[in-house]
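Engineer: One-letter residues, chain by chain:
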Amino acid sequence: MHVRNRSASRRLMTIGAVLVTMLVVVAAGQGAGGFGETYKAKTSTLKKALFNAKLLPANKMARNISLAALGRSEKKVNLNLALKCWKNNGCSTGTGGKLKVAYVEGFGENVFRQMSKMEFILQALTYPQIGKIIYTSAHSNPAQALTDFRAAISQHVNVIVTYPDFGDAMLPVFKEATKAGIPVATYAWGYVTGPGKNYLTVVGEDTCRLGKAYAKVMNKYVKSGNIAFLGGFPGNPLSLGWQKCEKPALNPNIHVVATEATNWDPSKVQEVVSGILARYPDIKGWSYEYGLGMAQGGLAAYKAAGKPFNTVLTLRTDDVGMGCAYDRLKNKNLRVFYYTSGNPQIRVALTAGLMKLKGAKIPPQIVFPIQLQDQSKRDQCVKGYPEQASATSLIPLSLLHKMYP
Amino acid sequence: MSIPGPERPVVLALGGVSKAFGAVQALRDVSFDCRAGEVHALVGENGSGKSTLLGIASGFLAPDGGAVEIGGHRRRRGSPAEARRFGLGIAYQAYSHVLDLSVGENLYLAVPQEEQPRFGRMEEWASARLEEFKLELPVSARVRALSLVQRQLLEVVKALLAKPKVLLLDEPTTALGPKEVEQLHELVLQRSRAGVGIVYVSHRLPEVLGIADRVTVLRDGVGQGTFDAAGMSEESLVALMIGRPLQHAFPERNGGARPSDVLLAVSGLRGERFGPIDLVVKKGEILGLAGAEGNGQVQFLRALAGVERPTGTASCNGKELDNKSPLAALRAGVVLLSGDRTGESLFPVLSVRANTTVQVLRRLAPWGFLRRGRERRTVTEMVRRLRIRMASVEQPVQSLSGGNQQKVSLTRPFLRGDVRVILAEEPTQGVDVGARFDIYEALRAKADEGVAIIVKSSDPLELAGLCDRVVVMSRGTIVDEIQGADLGERRIVEAIVGGRVMQGTA
Amino acid sequence: MSISRAWLPLALMTTLIVALGAYAAMRQDAFLTTYNLGNLLLSTMPLALVAIGQTNALLVGGFDVSVAALMTMCVVVASFTLQPDKSWDVLLVGALAVVGVGLATGVFNATLIRVLKLPSIIATLGTLSILEGAALLLRDHPEGFINPNAIEALNAGVSFVPYAFIGVVVLAVLADIWLYRTRTGLALRAVGLDDSSSRRLGMATGRTVFLAFVICSLMAAVAGFYSAAQVQIGSPIIGNYALESIAAAVLGGASLAGGKGSFVGTLLAALFLTEISNVLPLFQQPTEYAQMTIGVLILLALVLYQAPELLARLRTSWGGVGRLRTRQGEAAG
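Chains as they are written, first to last, in our numbering: chain A, 1 to 405; chain B, 406 to 911; chain C, 912 to 1244.
Same shape as in the complex, but just chain A (with noise of 0.2 angstroms):
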C-alpha cells in the first residue's frame, strides 16, 4: 500500500526539495551549533557503504543527513564500551549527557539485526549528548513489541529507531510516541504508514524499485521459465513489497511458481528449495532478501537433490559468506546479484532523529537509490571479514572479529 501514491508522493518532494534547499542553509547552521552536524563524508566511507559514492538520496535534505551520518561514523569511539553495550543489550556511555536513544525492534535475532544493533550503538556514541543507549528485541512476540516501545516512551527517550517487523500493527504505539513529541525513525524500509506524519521518518531503500531490479536480472538472465520468490516471515513489508513490483515487470515467458516464506533462516530456506526443486525440477532463478541463507541452505538444498547449483539467484544482502561460497563453487552457470545489507541506514535513522530534536526538518522518506552488483564483477567475499557479516557494513573489522571470533 505503501507504493500506492508514489507518483504523487514524488510531485510532493520534488516541491519539498526545493523548500528543503533553502532551509538546509538554517538547518545547517542550526546543526552547527546543535550536534555539530557537518553534510560531509569521506569517499571511501560512502563507496564502502554504498559500493558507490553517488548512491545517495535524491532529497537534498535526504542526502545531508545521509552524509552528516555517514561522516559520523568515521569518528573514533571506545569501541571496548561498544562491544560491552552491544553485549548487554545497551549502556550508559558514561558522557553524563542528558539525552537516551532507543533501538526498539520486533525480532532481533540474526546477523543482520545484530549488526544494525553495533552500528546503532557506534553512531550513539559519536554523541557526547547521549547519556544513555536503551535496546529491546520482543522476540517476534507483536504484544510484546508494544509493551517494549511503551516502555521507551514512558521512560520518555529522546529517540527511538525501530525495526517495525509487525508493520502497521506498530502504528499505535508510533503515534502515542509522536505525540509524546518522541521522533521515530525506521531504518531497512521498515515502512510503516505515514511517515513524516504518524512518525518522523523511513529509511531504506524503495523495495518496489529493489524488486524492479531483481526483475530486470531475471528478464536478461533467465529470459523464461520457472522462477520463486522466497520471503522472510510471513507478511513482513520488506519480502511483500519486492514481489508486488518484481511479478509485473517480468517479462511474460517467465513464471513465479512459488512464494514461501523462509522466517530468514538458513535451514528454513533448505526445507523450502527443496520442496520447490521437487515440484519444479527446471526452476532457474530464485528472488529472495537472505544472501547468506540461499549460500547455506539453497546450495545443500540442491546437493541433496543432486543437482548442479546452476541458478539466478537476485538478493538483497551482501554477506561475505555468499560471495565465498560463490568464489569456492567457481560455477560459471551461477549468477549472483546482490543489493546491500543497509546495516548503517541505521545511522541515518538515528541522526535524523536527533536532528529533529534540533529543529530540523526531516524528510518522510529517505531513500537510498539502489544498484544491483554482479558478484563475477564485484567479489562480494571480501578477505578478512566474518562469513555472516556484511562488508557493506561500518563497523570496524577489529569490532566485527569480536563480535564473531
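Hint data in this document are derived by calculation from the structure and do not stem from the laboratory.
Check each hint, because a few of them may be wrong.
Claimed, not checked - Using C-beta positions, here's what the derived DEER-type ranges look like:
(1) A:Asn-251 to C:Tyr-946: 52 to 62 angstroms
(2) C:Val-1207 to B:Ala-550: 26 to 36 angstroms
(3) B:Gly-525 to C:Thr-925: 18 to 28 angstroms
(4) B:Leu-540 to C:Val-1004: 54 to 64 angstroms
(5) C:Val-1207 to A:Pro-405: 26 to 36 angstroms
(6) B:Gly-673 to C:Trp-1089: 52 to 62 angstroms
(7) C:Val-1018 to B:Gly-525: 26 to 36 angstroms
Glycine included, every Cβ here is placed at the ideal spot set by N, Cα and C.
Fit chains B and C to the supplied structure of chain A, relying on the hints for placement.
Structural biologist: The following block gives chains B and C in isolation, referenced to the frame of chain A:
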C-alpha cells in the same frame, strides 16, 4: 425374605439382550427380570457378562440388540441419567466416586437435580442422609481419604439416595469385612421389604444364598437359568457357573515346613496403624493374616515390602531386611502382590506379554536388546502354568477378568528365581471360582519350592483352606494364632470376633 | 487444609504482583506513571480474557491451543467488519460477526473433541493451523484499520483503569462463585476430576465438556477485541497467547489433570505475567529473562500447589516403584 408372588410388578426387565466388544461376545440373548420386593442375585464367573449386563441395565452401555424396561418405562436413549429418572439406582463395583470431591459433594451429585437441596445447605443435607443410613463419615472429607470399606458403603448409600424402584448392587461386599457385610445386608433387606427390587451381583456364594430370593446364573455371556434360591446349594450354583462340579477347593498341604527353617523373622516391628509385631515364618509355609478390615494387616504387609516405613527389625534368611524402599525389599527377595492390582502392580494398558516380562527384562535382554523368541517362550510357559485365560498375549491386561489379572501379577514371583518371601494381599479378591483354585495352586507350588508366603485375606474360608497357619490381627497386633487341627473357618471367625471383644475392653 | 490450598495461588500471585510492582516503582520512575499503569492494565486484557477461557478447558481436563490463532482470526475479521467511518449499528453487526467466528470455532473444537473423541490438544492443534492459514489468506500483512471509535470504547476507563478491566475482575469473581458455590459449578469440576464417575452418576458429561470448549473459544473471541484495540489493524500475527494462557491458568491454580482451577487466580496470574513483560524493558532486561522467569515460576507454582501430594508420593514410593495411593483400611468401626 419372602418369595414375591407373580402379582408383584416387574421393575427391571431385560429382554434378549446381546452385546459384543470387538470379537468378544460378552452377552448373547440374555433375558432377566427383577420384581418389586425381591432380591434377585446374578452370579457367574468373572468375565461371564455380569458387569456388562449391569452396564446395559444402567444405561452406561448400549446393547447391540434387545430391550430394556425400567419401572414400566421402555428405554429409548440409553443413558445413566435416563435410567436414574426411570427409578434405577446402581452401586458400581468400581464405584462412581469423584475422589477429589468431598463426601457431601459426592452425595449431592448422586441425586437428581430436583431433589438436590440449595447448594449452601449441602453439608447439612448430606449429614442428614448419612445419618439416615447409619453411616458415620465426615461430610467434608475428600472421598480419596476414605478407606475402601467406607467408599463401598458410601457407594451403596449413593445408589439408595434417589429412592430407586430397582437397586443394582455390583459386588457390593468385596472390600467389606463380616460385620460390614451384615450391616449392608440388613440395609438391603430393609429396602426390599419396602418394595424395592434388588439385583445383587456377587461372587461370594454363601452371601448370595443367604440373601437372595432368586438366582440367575450366567456363563460365558449366556443365561443358565433362573432358580429359587431356596432350592440351590453352593455346589449346584458352582456347577452351573463353571459347568463342572468343584472337586478340590484347595490344593493339598504337603506336610508343611520343618520347624528349624525360619526364613522371615520379625521382632518389634512398628509402623503406622500396627505394632509391635513379633512373628516368624518358615520356609515352605503359607501363613494366613486374618482380622477385621482396618486392623493394620495391610500396613504390616506393606511395611515388610518397603512401601511404608516401619521401625523395629525384620530379617530374611538371617540377614536384616532393608525395607526402606520396595526396590530394596525386592532385592532381598520379598515380593508384594498388591491388592490394588491395576493400580500398583500391573500396567493396565500394556499387554499380558509386557506385564509378564517387564520384571525380568534384564534376563530376557542380555545385551539390552530384547530377545523376542526367548520372551515369547517365557510368556507362553507362564500362561500355561498359571492357566491365564485370554484371547492373545498382546491383549491389554486391563481387558482381562480380575482373576486373570491376578494371575498375570502372580507371574512375577514365578519368573524371578530369587524370591524368598511372597506377601499376597487379597490374592483372590474379585476372582472367580475357577481362577481361584489356579491361584491357590500356584501359591502352594511356590511354597513347596521353599518360599515363605504370607496371605492377607478377608475370607476366613480361604485362609482355613489354603494356609498352614493363621495369625489374627486386631488393633495392629497379633491376638491369636491358629494351626493344625484347629484351623477352620469357624475358629478364625471366632478369633476375629474375639479380637473385637478384646478391642472393646482394651 | 483444602480451603487454605485453594487460596494459595491467589495469595501467591497477589504477593508477586505487589512485590514486583514495588521493586519496579522503587527503581524506575516510569513504572508508576498513569501512562504505564494504564498500558499495563490494557495489555493485560487479552491475556486475562483468553486465560479465563482457557481455564474452562483445563477444568474439564482439556487444552485449547487454538486460542491464539482464533484471536488473530478475530482481529483479522474485525479489520473487515469494524472499519473506520461506520455507524454504530454497522459496528454492532460487525462485532457480532467476530463473536460468531468464536462461536463457530468453539462448536468446531467441541465437536472434534466430544463427538469424534479426538484428544483436545490434537483437535485444537488442527484448528490452530486452519485458523492461522485462513488469517494469512485474509490479511497477508497488517492492513485494514479498525474503527477508532470502537477502540476508544474498548479502551475507555476512569483515570488509568479501563472499564473493561473492572469488568473482567467482576467476571472472574462471579465465575469463581459459580464454580465453587453452585450445583452446575460442582458438576463441571466433577466432570473434570473424573469423567467416568460423573457419567455413572448420570451427569451430562458430554454437554459439559462441549460447553467448556465453546466458552473457551468465545472468551478468546472477546480477547480478540482487545488484541484488536491494541494493534488497531488487521494483523495476521498476534502473539503467543496459547501457551501464555495455559501458563496463566496453571499459575492461577488450575490443574492440568482437570477439575481444579480458579478464575480469579487466572486473572491475577495474567496480570502478573503481563507485569513481567511490562517491567523488564524498563530495566533493559532482555525478554529471554521473562521467558525463563515464567518457566521457573510455573514449575515452582506446580510444586508448591501440589506439595502435599508430592510429599506423599515421595514418602510412599521411595525408589520409584510404588505409586501414589490412598491409605487402605482406616478403622471402619
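Engineer: Hints first: check each against the structure and report whether it holds.
Structural biologist: Hint check results:
no.	hint	in the structure
1	A:Asn-251 to C:Tyr-946: 52 to 62 angstroms	54 angstroms, holds
2	C:Val-1207 to B:Ala-550: 26 to 36 angstroms	32 angstroms, holds
3	B:Gly-525 to C:Thr-925: 18 to 28 angstroms	27 angstroms, holds
4	B:Leu-540 to C:Val-1004: 54 to 64 angstroms	59 angstroms, holds
5	C:Val-1207 to A:Pro-405: 26 to 36 angstroms	31 angstroms, holds
6	B:Gly-673 to C:Trp-1089: 52 to 62 angstroms	55 angstroms, holds
7	C:Val-1018 to B:Gly-525: 26 to 36 angstroms	34 angstroms, holds
Of the numbered hints listed earlier, not one is contradicted by the structure.
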